[in-house]
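J.: When you get a sec, could you build the whole thing from the sequences and use the hints?
Chain by chain, the residues run as shown.
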Amino acid sequence: MIHLTIDGKKLEVEEGTTILQAAEKADIHIPTLCFHPLLEPYASCRVCIVEVEHQGKKELLTSCNTLVREGMVVETASERVLRARKLNVEMLLARAPAAEPVKKIAQELGIEKPRFEIKDPQEKCILCGLCVRACEEVVGANAISFINRGQEREVAPPFGEPSEACIGCTACAFFCPTGAITYEDLYGRQVIHEELNLGPATAIRVPIRQAVPMVPFIDEDACIHFKTGNCQLCVKVCEKEAINHDMKEEEIEIEVGSIILASGFKPFDARRIPAYGYGRFPNVITALEFERLVNASGPTGGKILLANGQEPKAVGIIHCVGSRDENYNEYCSRVCCMYSLKFAHLIREKTEADIYDFYIDMRCFGKGYEEFYHRLLHEGTKFIRGRVSEITDIPLTPEEEGKLIIRVEDTLVGTVRRIPVDMVILATGLEPSLDHNEIAHIFNISCSQDTFFLERHPKLAPVSTFSDGIFLAGTCQSPKDIPDTVAQAGAAASEALALADKGTFELEPITAEIDEKLCAGCQICVSLCPFNAITYNKEKHISEVNDALCKGCGTCVSACPSGAAQQKHFRDLQIMAEIEGLFID
Amino acid sequence: MSDQKPKVAFYWCASCGGCEEAVIDLAEDILKVVEAVDIVFWPVALDFKKSDVEAMEDGSIAVSFINGAVRLSEQEEMVKLLRRKSQLVVAFGSCAHLGGIPGLANFWDKESIFNRAYHTTPSTDNPEGVVPQEKCTIDGKELYLPSFFNTVYALDQVIDVDYYLPGCAPPRDLIMNAVQAILEGNLPPKGSVLSPNKALCEDCDRNDTKPEKLAIKDIKRPWEVILDPEVCFLAQGVICLGPATRTGCGQRCISANMPCRGCFGPTDQVIDMGAKFLAAFASILDADDESEVEKIVETIVDPAGTFYRFSLPTSILRRRKMEEKR
Amino acid sequence: MSQQAFEPKLVGFLCNWCSYTGADLAGTARMTYAPNLRIIRVMCSGRVDPQFVLKAFQEGADGVLISGCHPGDCHYQEGNYKALRRHRLLSKMLEQFGIEKERFRLEWVSAAEGAKFQKVCNEFTEQIRKLGPLSWNGGKKNE
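Residue numbers (the working numbering), protein chains in the order written: chain A, 5 to 589; chain B, 28 to 353; chain C, 74 to 216.
Read the hints as simulated data drawn from the structure, not as lab findings.
Treat the numbers as computed from the prediction; the structure is a model and nothing was measured.
Glycine included, C-beta positions come from ideal geometry on N, C-alpha and C.
With a Cα cut of at most 25 Å, we get these calculated PhoX-like pairs of lysine-lysine:
| hint | chain 1 | residue 1 | chain 2 | residue 2 |
| --- | --- | --- | --- | --- |
| 1 | C | Lys189 | A | Lys463 |
| 2 | A | Lys107 | A | Lys128 |
| 3 | B | Lys162 | B | Lys137 |
| 4 | B | Lys240 | A | Lys521 |
| 5 | B | Lys348 | C | Lys203 |
| 6 | C | Lys82 | B | Lys348 |
| 7 | C | Lys174 | B | Lys348 |
| 8 | A | Lys307 | A | Lys346 |
| 9 | C | Lys174 | B | Lys322 |
| 10 | C | Lys174 | B | Lys244 |
| 11 | B | Lys240 | A | Lys542 |
| 12 | A | Lys484 | A | Lys371 |
| 13 | A | Lys240 | A | Lys252 |
| 14 | B | Lys217 | A | Lys521 |
| 15 | B | Lys240 | A | Lys544 |
| 16 | B | Lys76 | B | Lys168 |
| 17 | B | Lys32 | B | Lys59 |
| 18 | B | Lys244 | C | Lys165 |
| 19 | A | Lys270 | A | Lys484 |
| 20 | B | Lys34 | B | Lys107 |
| 21 | B | Lys217 | B | Lys32 |
| 22 | B | Lys247 | C | Lys165 |
| 23 | C | Lys165 | B | Lys322 |
| 24 | A | Lys506 | A | Lys463 |
| 25 | B | Lys348 | C | Lys165 |
Coverage of chain C stretches by chain A, computed from C-beta distances (three or more under 8 Å per stretch; other residues unrestricted):
| hint | region |
| --- | --- |
| 26 | 84 to 91 |
| 27 | 115 to 127 |
| 28 | 148 to 157 |
| 29 | 178 to 185 |
T.: Below, the structure is given as C-alpha cells:
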C-alpha cells in the first residue's frame, strides 16, 4: 500500500493507482475532459493537472496518468495549479468555444473570454482523442484518427472520406465529451443499435421486461465484439464476471412426458386494411403502439403525444380492426373492446382530448367489465355505433384542416358522419402466431376453422388435443384475455401434472393384434404401419404388433389379406354387424 | 359284400373336367380308394343313371364328391337329389367351392351370354339365329332343355355342403387326406375347408425375399417381364394373390414361376377375397398424390376379374348388377 | 317408386379425428343437412376395409362415403393415403360390378369443417337421388 496526502488528507491506496483515482476515492474533485474510466488515460486536455511534491521536488503533473508514490503530497487547487489550469482551459475554449463542458469548466475557473484568437465559434472538438481511443481500443475498427499537425490537427477518417473500416457502431459519438461527433445513416449501412419502433435496443439486453428468467442476452448481430473481436466493455463493467462471449447457442434435447403449447398470437396487421391509412398517416397507430406510448418507461415517458410532439385534442378508437369482418377474420378477438375502454380511460386521465369510440357491439362479458363500461359512459367518452369506412386527411371544411377525418355510419342516428380527430388508435384483433402451421404439423394437431389450434372437445376436453400428452394454453387455442388464459394455463398444467403424477400412461384399448395361428407372415402390414409398430419375426414366420407403439389406426387390419390382424373394438365382425344394423328398418 | 363298404358318388356340374382328372391322377392310389369304397354313381366313368340314384334310400350314400359350379336347372336338380341321398357332401374343387372360373360369367347374364355365344362371336355361324329353347316341339313331340340361370352359383348356395376340397384342381394329397379322414370318421367340424387355414405366403419359398417396405409403382403382367424365379412376385411388381389365398396347394404355380391366382380361395376369417386382396394391394401402391394414384390404378387391367378369378359367386356382391328389365 | 319419393340410403365411414368430429361440429352448430347418411365411426379412414363398402352396397346402400382427414393431416400420419389408394382401385372395380363411380365417394373433411360436412351430405344425397336407387339384387337364389 502507498501512503500519500491530497489537499491535506492522508490516504492509503493500492499501488498502481493514479492520482486522479486516489482523489476520487477521497471525494476530492479534479476537473477533467479527456479522461474516461473505460479507456487508457491520454492526458491531452491537461485540465487535470495538480501540483505534486515528492522527495522535496515540486512539479505540475497531469493527475490522470501519474501513478501515486510513497510519501507524495498533492495539491489539486493551489494557486500555481489554478493558474496553469486556467491557461489550459483558456486555450481549449479558444479552440472549441461551442463545447459545453469546456464552457462549464471555464465558468468555474472565472474565465469569461479567452485571451486567444477564436478560429471557429462553432467548433466543439477539443482534440481529446477519446473518440480515436474508443475506435481503436474498444471497437478495434481503427476507422478514425488524428490527421495533420498543430493548428490543422483534427479527427477524421482516412483522407476525410467515409471509411470502409467504420462499422457504424457510433461508439465515437458515445465517448465524445463535447458532442462534437454526431452520426447519421448516410450510406444505408447497418446501424448496430437499431432504433426499433418500440425504442432503442442495445446489443446486450433483457428480451422483454417480463422475461423469465430475467437474464440479459447478447445479440450477436448487434454486438461489436462479434464484428471486430474487441470491445467487451460489458465484461469490464460487470462486477460479477457473469459475461462470457464464448458461450454459443446450442440445441438441447429434453425428454418429456407431456407438452403444453402456449405459442400465443400475433396482432392483426393493420396495413391489410388500406382504407384506415395505417403506415400512411403517422398518427394512425395500433393498439400495441399506443400501449408503448402510455407506458411510463416508453419512448415518451408515458405521455400521449402526436408524431409532432403535441398533445392530441381529439382521439378516435376504432374497434374490431380485422375482427368480425368477413374480409379478414370472422371471429371476435374478445380482448379489443376491453382494452379500447382502458385506452379511453387512460386518455381521459392523461389528456384533455375528446375521445370517440367506434364500435359494432360492446362485448363486456367478464367480471366487472360491464361496470367499467358504465364508468366510461359517465366519463364522457363518446360512443358511436358503426363500422368506420375510411380515415382520410382530405378536409372538406376549415375545421377539418390538418386533421384525420373518420368517416363512419352512425347506425344509432342513421346518418353518415365525418369526425375530425388528431390521433386514431386501431384496436387490432388477434391472429395465430406466425409459425402456427408449422407447430401444428410438428405436434400433429388440428386447427379449427378460425385457424387457431383445435381442442379435443369444446366442453369435455378443452385443453387437450387430439395428440395424447399435448395440451393447449392461451391464445394459440382461441383469442382470450388474461384471466381466461391464466385459467386455461392452470388447467393445462394440471392435466400435464396428472399424467406425470401417475407415471404411467393409459393406452387406448384399440390396438391391433395379429393372431399367430392365422398369420402367414406375408408382411404387407409391416410395410404399412406408420409407427413401425409391426415387426416380422423370421423364426416364427409371423408379424407381431408392439402394443406400446401401436396407436390403433387399423390400417394394417383392413389391409391384412388373410384376416389374421384385427383391431380391438373395431373387429371386422363388429363393423359388419354395425352395417347390418343400419339397414334394419 | 359291397353293402359293407361305404357308398361313394362323384358328380360334375359346370366344370372343365379337371377335377375328374384329379381323381384319375390319384394313379395307383385310386385302387386303394376303390378297394375301400363302393362307387355307386360317377357319370364321367361309370354307367349309372339318375334313376339308379333316385332308387336309393335317402342317406344311403356315405359321401358325394361334387365338382363344378351350378349354372343350369339340371345341375340344381341333380345336386339336390344327391344331397338327399348322401350323408356327406364334399364340394370338390374351386368351382364347387367358390364358383370358380365359370363364376366369372356373373359379370354378364343369360341374355348377354346367349347373344355373344349364338350371335356375335366371330366364329358363330348361325344365319337363322337359332337360340336354345327350354321347350320346343319337333315332329309333334315336346323336347325340354334345362334352363340356363342368369347367375352361376357355388355349390353351397344351392345345397348344404359339409366339407370343401379347394383347388383348381384339388391336389392329390389333399384328396387322399380327405378320403382317409372320411373313411376313418376322423372329421373336422362341419363346414371346414380341408386345407390349412393360413395364406400361401406361409409356405412360399419366396416369402423371405420381400423387401422391408413393399411399395409398387409399376404394375407388370407376367408376360411383360422376365420373372426372377426366386423373388417375391409382389416385389417384382406382379400381382400375386398368394397373401390372400389359402395355402395347401403345394406352390404349384409358384414353382412354375407364375404368381398365385387364388384358386384355393380365402382363409376362414375373410368374407370377400377380392376386396381383401384389393385392400392389401392398393395399400402398397407407391403414390400419395391423387392423380398419381389414378395413373397407377389405370394400369391395373380388369381388377375384378383378377381379384375374383375363382371366387366371384361367393363374393359379397356375387355378380354384376342385373340390368332392370322394362 | 316415384323419383320424388326416393330417399337414398347412404352409409358413411368417418374417421374419428377429423370427419366424425366435423360431423359432430355440424351437429353442435345446429346445421341442418340431409338425414340420409348413416354414419359408422372408425378410428382412421385407413381402417375402412373394402369388404365394408361391398357389404354396405349388398345390404341396400345406394351410396357409400368414406371421409377422412385432409392429405397431410392424418392423425395417424398416412392412413388417409391408404384410403385414397383403395378408393380409386375399388371405384374402378365397382364399375365392373355395374355400380356407378358416383355411388362411392371419398371426401376430406377436417374437424373444423362442419359446413363442408353439411355440403358433402347434401350434395351426395342429391346426386344419388338423381341417380336413383341401386337396389342391389346381386345373385340371390330366387330366379
